[in-house]
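Number of protein chains: 2
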Amino acid sequence: MEQLKQAIRTEGSVLSANVLKVDAFLNHRIDPVLMAAIGREFAERFREAGITKILTIETSGIAPALMAALELGVAVVFARKQKSLTMRDDLYVQKVYSFTKQVENEVTVSRKFLEKGDRVLIIDDFLAHGEAAFGLAKIVEEAGGAVAGIGIVIEKSFQNGAAKLQEAGYRVESLARIASLENNQVQFVEETIHA
Amino acid sequence: MEQLKQAIRTEGSVLSANVLKVDAFLNHRIDPVLMAAIGREFAERFREAGITKILTIETSGIAPALMAALELGVAVVFARKQKSLTMRDDLYVQKVYSFTKQVENEVTVSRKFLEKGDRVLIIDDFLAHGEAAFGLAKIVEEAGGAVAGIGIVIEKSFQNGAAKLQEAGYRVESLARIASLENNQVQFVEETIHA
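From first to last, the protein sequence lines are chains A and B.
Per my numbering, the very first residue in the first sequence carries number 1; after that it's consecutive.
Per my numbering, the very first residue in the second sequence carries number 1; after that it's consecutive.
Any given hint might turn out to be false.
In silico BS3-like pairs for lysine-lysine, Cα to Cα no more than 27 Å straight-line [as the list claims (entries may be wrong)]:
hint: 1; chain 1: B; residue 1: K112; chain 2: A; residue 2: K112
hint: 2; chain 1: B; residue 1: K101; chain 2: A; residue 2: K81
hint: 3; chain 1: B; residue 1: K21; chain 2: A; residue 2: K95
hint: 4; chain 1: A; residue 1: K101; chain 2: B; residue 2: K5
hint: 5; chain 1: A; residue 1: K5; chain 2: B; residue 2: K21
hint: 6; chain 1: A; residue 1: K138; chain 2: A; residue 2: K116
hint: 7; chain 1: A; residue 1: K81; chain 2: A; residue 2: K101
hint: 8; chain 1: B; residue 1: K95; chain 2: A; residue 2: K112
hint: 9; chain 1: A; residue 1: K101; chain 2: B; residue 2: K21
hint: 10; chain 1: B; residue 1: K101; chain 2: B; residue 2: K116
hint: 11; chain 1: B; residue 1: K81; chain 2: A; residue 2: K21
hint: 12; chain 1: B; residue 1: K164; chain 2: A; residue 2: K81
hint: 13; chain 1: A; residue 1: K21; chain 2: B; residue 2: K5
hint: 14; chain 1: A; residue 1: K95; chain 2: B; residue 2: K112
hint: 15; chain 1: A; residue 1: K5; chain 2: B; residue 2: K95
hint: 16; chain 1: A; residue 1: K112; chain 2: B; residue 2: K21
hint: 17; chain 1: B; residue 1: K116; chain 2: A; residue 2: K81
hint: 18; chain 1: A; residue 1: K95; chain 2: B; residue 2: K81
With the Cβ distance kept under 10 Å, some of the chain A side facing chain B (calculated, not the full set) [stated by the list, open to error]:
hint: 19; residue: L20
hint: 20; residue: V186
hint: 21; residue: V189
Keep in mind the hints are simulated off the structure, nothing from the lab.
Ideal placement from N, C-alpha and C gives every residue a C-beta, glycine not left out.
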């Protein structure tokens with residue numbers, strides 16, 4: 001998605017070979033016009049997938065998920081991240097390890113908001129090792145729904161999340177795919193291919 | 001705002017005389033059509049206020065703030081809630097006490113996303129004691145901006161936040177104002193007046 005790649009080029013900053021900071025338009029400041037375009041792009045890619053619900057995870061997945069939901073005419077549910085819980089009878093719970101923050105969170109979704117037969121589009125801001133996406137997919141399946149696809153704003157293709165998700169049979173659509181952040185440079189996958 | 005009040009009536013649940021649960025359309029599951037209507041309503045009320053930026057706070061403020069930002073043609077910044085911080089040179093920090101959760105959080109905004117001269121609309125999902133709104137307002141003012149208004153989705157008018165904010169000179173626009181949650185009943189302010 002060219003508009004997104006342009007935003008990454010001009011407003012993103014490479015903090016290390018693993019970390020791209022996009023707090024200028026996605027993770028802290030949000031550009032609503034770009035989010036609307038991202039929502040339309042997700043909707044276009046998954047229009048024929050029979051989506052009944054979008055599942056995302058707080059915090060930075062909410063904006064792109066909401067715009068996609070508006071386009072697709074479905075509701076969004078955002079999973080919560082918590083350290084640990086006492087009351088959990090009414091929740092689906094999955095442990096998700098964050099490599100970036102080196103901490104394990106419990107990701108929870110209220111049982112009443114996922115239904116048997118739901119065809120769920122999982123949306124998240126970043127895909128790195130795939131931990132969050134796998135956790136959300138397990139929750140969908142535990143609820144008796146199907147994962148109709150996984151929509152990612154920025155895929156770090158040099159990490160193995162996308163490959164692992166595809167091996168597991170999931171359809172992954174990433175709007176920007178980053179091949180490398182070496183030497184403080186953002187290299188997109190497409191650029192490498194066409195070079 | 002009738003559409004919002006209808007959603008509160010049909011999908012909200014009163015947990016106690018102080019707590020209204022709206023996780024069916026705002027705090028966990030999000031209804032994007034209702035959020036778009038909420039965004040339009042905020043935009044209409046603040047159209048002439050010269051808003052240059054919207055400031056909200058994670059997590060549940062993001063959806064209504066994003067839809068209002070799209071309507072007003074400005075960016076959103078969402079403040080982060082954290083327990084405590086070590087690195088903070090580049091952040092505005094305010095302590096905010098949550099009466100509901102009985103915990104003090106630090107609310108932070110990156111210095112680079114607020115500017116001198118900004119006219120900021122603060123948006124949040126709930127207004128109770130006004131702690132979060134006052135914290136965000138202090139951050140705006142510390143940055144040299146002005147608080148052009150405070151837009152609230154659901155005001156618990158039986159608590160004193162709205163009154164305190166108005167006393168302090170802020171314009172508060174709440175889309176639903178709740179007079180009471182006694183006896184497991186949602187009573188709106190308008191209904192009380194017209195009764």
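Would you pick out the hints that fail for this structure and give their numbers low to high?
1, 4, 5, 8, 9, 10, 12, 13, 14, 15, 17, 19, 20, 21
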